[in-house]
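Take a look at the letters that make up each chain.
Number of protein chains: 2
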Amino acid sequence: MRYSQLLIPTLKEAPAEAQVVSHVLLQRGGFIRKLAAGIYSLLPLGVRVVANIERILREELNRAGAQEVLLPVLHPAELWQESGRWQKYGPELLRIKDRKGADFVFSPTAEEAMCEMVRRDVKSYRQLPLNFYQIQDKFRDEIRPRAGLMRGREFIMKDGYSFHATVEDAHREYKNMYDAYVRIFKRCGLEFRAVEADTGAIGGSMSHEFQVLADSGEDAIVSCDTCDYAANVEKAELKPPRPSPSPDGARKGELEASPAVAGTGALQELHTPNKGGIADVVKYLKEPIERFVKTLIYLADGKPVIALLRGDRDLNELKLKAVLKAETFEIASETIVREVTGAPVGYAGPQGRSVPIYADPEVAAIPNAITGANKADYHVRGFNLQRDVPGATIVDLRTAAGGDRCARCDKGTYRAHRGIEVGHVFYLGTKYSEPMATRFLDSDGKEKAMEMGCYGIGVTRIAAAAIEQHHDADGIKWPMALAPFQVSIVTAGKEPELADAAQKLHDELVARNIDVIYDDRDERAGLKFKDADLIGIPLRVTVGKRGLAEGKLELKARADKEARMVPAREVGAELARLIKEAIG
Amino acid sequence: MRYSQLLIPTLKEAPAEAQVVSHVLLQRGGFIRKLAAGIYSLLPLGVRVVANIERILREELNRAGAQEVLLPVLHPAELWQESGRWQKYGPELLRIKDRKGADFVFSPTAEEAMCEMVRRDVKSYRQLPLNFYQIQDKFRDEIRPRAGLMRGREFIMKDGYSFHATVEDAHREYKNMYDAYVRIFKRCGLEFRAVEADTGAIGGSMSHEFQVLADSGEDAIVSCDTCDYAANVEKAELKPPRPSPSPDGARKGELEASPAVAGTGALQELHTPNKGGIADVVKYLKEPIERFVKTLIYLADGKPVIALLRGDRDLNELKLKAVLKAETFEIASETIVREVTGAPVGYAGPQGRSVPIYADPEVAAIPNAITGANKADYHVRGFNLQRDVPGATIVDLRTAAGGDRCARCDKGTYRAHRGIEVGHVFYLGTKYSEPMATRFLDSDGKEKAMEMGCYGIGVTRIAAAAIEQHHDADGIKWPMALAPFQVSIVTAGKEPELADAAQKLHDELVARNIDVIYDDRDERAGLKFKDADLIGIPLRVTVGKRGLAEGKLELKARADKEARMVPAREVGAELARLIKEAIG
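Protein chains in written order, with the numbering used here: chain A, 1 to 584; chain B, 1001 to 1584.
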């Protein structure tokens, strides 16, 4: 392909609204353009990247035995009423009326329509299992879409749904899809973790997220440095803290009681004027943050509860919500905090409060802790959970973090990562098949609801995640398998013999089935190099006068600093070798 | 692929609502299922057919130099307001509000969004020409969708748009796309005509429709039996009729004056009680229909006009509308007819009417014609246009039909066909680029609106049209290039050696890159043959016990009545040869 035949409108600056790197580079590189908030057009280079992703998906999913189907974008509301999601789904669901007033949704996922497809034609256990996927436009009406393809409103998703006669078979397929996803993301050239995840709004009881590791990721995850365990921090299990240090000396690495506050004396008030935030009070009192007890006030089903955590820890709201079996769960307003503590926000302590109190085990392990005094501008020192709040329920409440002991192997330590969720596998059970009456006649003559799994991959999001993980100051560094072109050819000079050599190499690479772009624009080489780096083409060949005189071409990988000279007649084979090595 | 691995839910009966053949067979063959009125899911076989069509489209369009892009499904209303289509487009345009109340359309075509894409990044004549296409879901909210993929509401369309600096270059690209379309439809194995067409609502001044010939087609077209000319009947040109017969004898094939009514006597009233319809009065009076003059009353921009045609002819409303330069044009109500004629519908004649009268040249050639008497239950005989309506404008008004002389070559005769429109190319000029301010700086330093063309292909409709053209009582007869599988393998018997031989052949064909399905179901061979014929697989190999004993397999083409025995070791090569021959 010649550069001049494609619309590749590279930009020096991205639109101001672009905040994340992938959004900036996809626009600067001429891959996408915004048509409306969260709604993008894919330009020719964008289509090429997406086609690469889709090809990998199809190859691996077909190989895993899944069947491709294609459902429409609009699904009738009746199906969503049947599953109950019409009522439950919030404003992210785009609801549409046709000319006759019939209600539709712009499908964000397709459990209902897939159940409708299956229940119409599948009646017997003999027809199971079945696993369908589609690659189709989806819509989620995000309130503030602003991350480009990372989180658009309209986006391309691969969604898959499997149907089974037994739980065991659904679990087998879950594993099958899990393995296919591992192959897919490996082939895409992404560093990722499959992490145990909360099942959230889609439901079901088993779920893994596939997270591309990138500092800009929205999701916090931990992975063990010793075993395979990895999880979303919201889901990550934690070991209870080791027992309190024995009187004759704290265990290494555990909190050591400070002599100044040792003992079990009464609470001592400390004046902490205008130091309501944890960071401020820690700094002001010059005590280690691990000595502090955070007192958080929440409303669970409208009633206040107190959660206690060590000063450096974060509450895992899902854990407390689950302990409380609460339908609604939210942080309390300032008014409620004043009602509960008699003080402004920032000075809460659990002592003497008449609301249910839940404390993380680590809190019980802090001798003579510091916490709020329930009085403006005052904290207390000498707080001991068992003595001062004897009725507190001690339960794991905190969010896992880097440095925590692995709960699974008990040997390793968690490392913290940021991740971008690009895939998700769910075991759904009969959550949809029951309300949607997706039933079959089993071998025992009984009618049963089918067991289901569902499996999603964000196609356009993979493109963004790959950039978040692979870029530098000059632009994108596409993994070979996703790159819009694998090789770019640039001439350094305007002599016709350079163009001839470039065209000859181009034709050789096409014959070798290599995706090549020959930058034939009437521009200087420096600008062409800059564009090739911005666009992220993994390999570049420069045809220069001096090299050509010696029968050599300059070969440079996007990832390398230095170029090297390669005999012209060997360049094609060398490029093919590098590509094969990269794609595996 | 094994049959048992795919969901192919063939049906004995199609749903009652399925009226057209393709709709019946796509459902009976398990290619599609209805999700809502005019909205279909593609099952695995349907996806395979559509993928075949899309591959041909991409290959030919890329080869023709077009660039693939992908626009979203939802387009912001602002763009449609800019072009004016937001106001003009009727209820077929699906209008959608997002959670913030912003207006969108579910794109039925994408002129606006393409102009938006181009005007943002293309500023100079140096960047032109450009030709973009996409393959994307479209929506047209048809009031009565009922023909399956022939005319769905949500459907897959390939739409393309080109941008040029000059009219000449736009015409060159029009020809380029025309040629690409010819290659595409040939490769799809369709018998079609490229016909001159009215530009209709999309506008522009030059247009060809690609019509698949099929008796069930919605469109009437004529093609010359001598030259290349073909046109939609609405657009087809007509020669003026040859001069009236000389007194000494009518020309052969022309109307001969009936002795009974010859001469130029006064109008003679005929009592025709309750014979207001042309067919009724012709039958009642026992006169050739060519002697009658049809008097039609229309409202053009709200004012009545009369159109006169020979009794056996149809008015081409577009022609009269164009002659009148009318914005609105509709048949008059009964009330208006009474006002104009003083009689009920069915007895109108032009004589003595004080509204503008337009007569087709053929009317002028009928001596002593019969027409309405402007009086209930009466017609008149002896009508002569020039004498009785001297102020009438004589102009070509009628719809072309089979048997008419070709207007282009003047030698051939039109043949009438029914067609299914599967593609359409338009030269748009600046119809969209002017209102959408899609401008460029030309080499002369002047800013100009870009010249545009647009090019559409109904992807899912091609599948339906192929079936309308290729089917028999047993099912679909897919052209090889579109077939979901090229070869089906069936075992006649349950002996393991048959299954072994079938599997071996299957593996050989896969290695030869042949799309093969091995029907491994535990069913009798007769049922498998029936399903293969219904699904329309072009080639079938039956592995039978007797044949196998002789080292032979039975090979049968879907199109042939008889099977033939082929040595097993030659079957693979023979199939490859037949497929290559069919695909070309």
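Keep in mind that the hints were calculated from the coordinates and are not lab data.
Here the structure is a predicted model, which means the values were calculated and not measured.
Cβ coordinates follow ideal geometry from the N, Cα and C atoms, glycine included.
The reader is advised that the hints may include incorrect statements.
Simulated DEER-style distance windows between Cβ atoms [what the hints assert, rightly or not]: (1) A:Asp228 / B:Asp1560: 39 to 49 Å; (2) A:Lys175 / B:Asn1062: 23 to 33 Å; (3) A:Gln503 / B:Asp1410: 43 to 53 Å; (4) B:His1271 / A:Glu78: 30 to 40 Å; (5) A:Glu142 / B:Ala1499: 16 to 26 Å; (6) A:Arg524 / B:Ser1124: 47 to 57 Å.
SDA-like, lysine to any residue: derived pairs with alpha carbons at most 20 Å apart [as the list claims (entries may be wrong)]: (7) A:Lys123 / B:Leu1093; (8) B:Lys1012 / A:Ala77; (9) A:Lys12 / B:Pro1145; (10) B:Lys1097 / A:Val122; (11) A:Lys100 / B:Pro1145; (12) B:Lys1100 / A:Ile143; (13) B:Lys1097 / A:Glu237; (14) B:Lys1034 / A:Ile135; (15) B:Lys1097 / A:Arg119; (16) A:Lys123 / B:Ser1004; (17) B:Lys1012 / B:Lys1446; (18) B:Lys1175 / A:Pro91; (19) A:Lys12 / B:Gln1127; (20) A:Lys186 / A:Asp520; (21) A:Lys530 / B:Asp1121; (22) B:Lys1100 / A:Arg144; (23) A:Lys375 / A:Pro344; (24) B:Lys1100 / A:Glu339; (25) B:Lys1100 / A:His271; (26) A:Lys97 / B:Lys1100; (27) A:Lys375 / A:His271; (28) B:Lys1034 / A:Thr109; (29) A:Lys100 / B:Ser1004; (30) B:Lys1097 / A:Asp215; (31) A:Lys123 / B:Glu1523; (32) B:Lys1097 / A:Glu59; (33) B:Lys1034 / A:Val122; (34) A:Lys275 / A:Thr109; (35) B:Lys1034 / A:Arg119; (36) B:Lys1448 / B:Leu1093; (37) A:Lys34 / B:Gly1101; (38) B:Lys1446 / B:Gly1101; (39) B:Lys1097 / B:Thr1109; (40) A:Lys97 / B:Gly1101.
A quick look at each hint next to the structure:
1. A:Asp228 / B:Asp1560: 39 to 49 Å: For Asp1560 (chain B) against Asp228 (chain A), whose Cβ atoms are near 59 Å apart, the range 39 to 49 Å is violated.
2. A:Lys175 / B:Asn1062: 23 to 33 Å: Given about 39 Å between the Cβ atoms, the range is violated.
3. A:Gln503 / B:Asp1410: 43 to 53 Å: The hint (43 to 53 Å, Cβ to Cβ) holds, given that Gln503 (chain A) and Asp1410 (chain B) are roughly 50 Å apart.
4. B:His1271 / A:Glu78: 30 to 40 Å: Violated, since His1271 (chain B) and Glu78 (chain A) (Cβ atoms, about 59 Å apart) do not stay within the stated range.
5. A:Glu142 / B:Ala1499: 16 to 26 Å: The hinted range 16 to 26 Å is violated for Glu142 (chain A) and Ala1499 (chain B), with Cβ atoms some 53 Å apart.
6. A:Arg524 / B:Ser1124: 47 to 57 Å: Once the Cβ atoms are compared, 18 Å apart, the range 47 to 57 Å for Ser1124 (chain B) and Arg524 (chain A) is violated.
7. A:Lys123 / B:Leu1093: violated, 38 Å
8. B:Lys1012 / A:Ala77: violated, 30 Å
9. A:Lys12 / B:Pro1145: Answer violated: Lys12 (chain A) to Pro1145 (chain B) is near 49 Å, above 20 Å.
10. B:Lys1097 / A:Val122: violated, 37 Å
11. A:Lys100 / B:Pro1145: Distance ~12 Å between Lys100 (chain A) and Pro1145 (chain B) Cα, so the pair holds.
12. B:Lys1100 / A:Ile143: holds, 8 Å
13. B:Lys1097 / A:Glu237: Distance of about 43 Å is beyond 20 Å: violated.
14. B:Lys1034 / A:Ile135: Since the Cα atoms of Lys1034 (chain B) and Ile135 (chain A) sit roughly 19 Å apart, the hinted pair holds (cutoff 20 Å).
15. B:Lys1097 / A:Arg119: Not OK: Lys1097 (chain B) and Arg119 (chain A) at ~32 Å, beyond 20 Å, violated.
16. A:Lys123 / B:Ser1004: holds, 15 Å
17. B:Lys1012 / B:Lys1446: violated, 66 Å
18. B:Lys1175 / A:Pro91: Given that 20 Å is the threshold and the Cα spacing comes to 48 Å, the pair is violated.
19. A:Lys12 / B:Gln1127: holds, 18 Å
20. A:Lys186 / A:Asp520: With Cα atoms ~34 Å apart, Lys186 (chain A) and Asp520 (chain A) exceed 20 Å; violated.
21. A:Lys530 / B:Asp1121: The hint holds at about 19 Å.
22. B:Lys1100 / A:Arg144: holds, 11 Å
23. A:Lys375 / A:Pro344: With a Cα-Cα distance of about 8 Å, the restraint between Lys375 (chain A) and Pro344 (chain A) holds, given a limit of 20 Å.
24. B:Lys1100 / A:Glu339: violated, 36 Å
25. B:Lys1100 / A:His271: Status violated; Cα separation ~48 Å.
26. A:Lys97 / B:Lys1100: Holds, because 16 Å separates the two Cα atoms, which is no more than 20 Å.
27. A:Lys375 / A:His271: holds, 10 Å
28. B:Lys1034 / A:Thr109: holds, 18 Å
29. A:Lys100 / B:Ser1004: Given pair Lys100 (chain A), Ser1004 (chain B) is violated - Cα atoms ~41 Å apart, limit 20 Å.
30. B:Lys1097 / A:Asp215: violated, 36 Å
31. A:Lys123 / B:Glu1523: The hint holds at about 17 Å.
32. B:Lys1097 / A:Glu59: violated, 37 Å
33. B:Lys1034 / A:Val122: OK: Lys1034 (chain B) and Val122 (chain A) at ~16 Å, within 20 Å.
34. A:Lys275 / A:Thr109: violated, 47 Å
35. B:Lys1034 / A:Arg119: holds, 13 Å
36. B:Lys1448 / B:Leu1093: Violated, at about 30 Å.
37. A:Lys34 / B:Gly1101: With a Cα-Cα distance of about 19 Å, the restraint between Lys34 (chain A) and Gly1101 (chain B) holds, given a limit of 20 Å.
38. B:Lys1446 / B:Gly1101: Roughly 40 Å separates the two Cα atoms, so the pair is violated.
39. B:Lys1097 / B:Thr1109: Distance ~19 Å between Lys1097 (chain B) and Thr1109 (chain B) Cα, so the pair holds.
40. A:Lys97 / B:Gly1101: OK: Lys97 (chain A) and Gly1101 (chain B) at ~14 Å, within 20 Å.
When the structure is compared with the earlier hints, violations turn up for hints 1, 2, 4, 5, 6, 7, 8, 9, 10, 13, 15, 17, 18, 20, 24, 25, 29, 30, 32, 34, 36, 38 and for no others.
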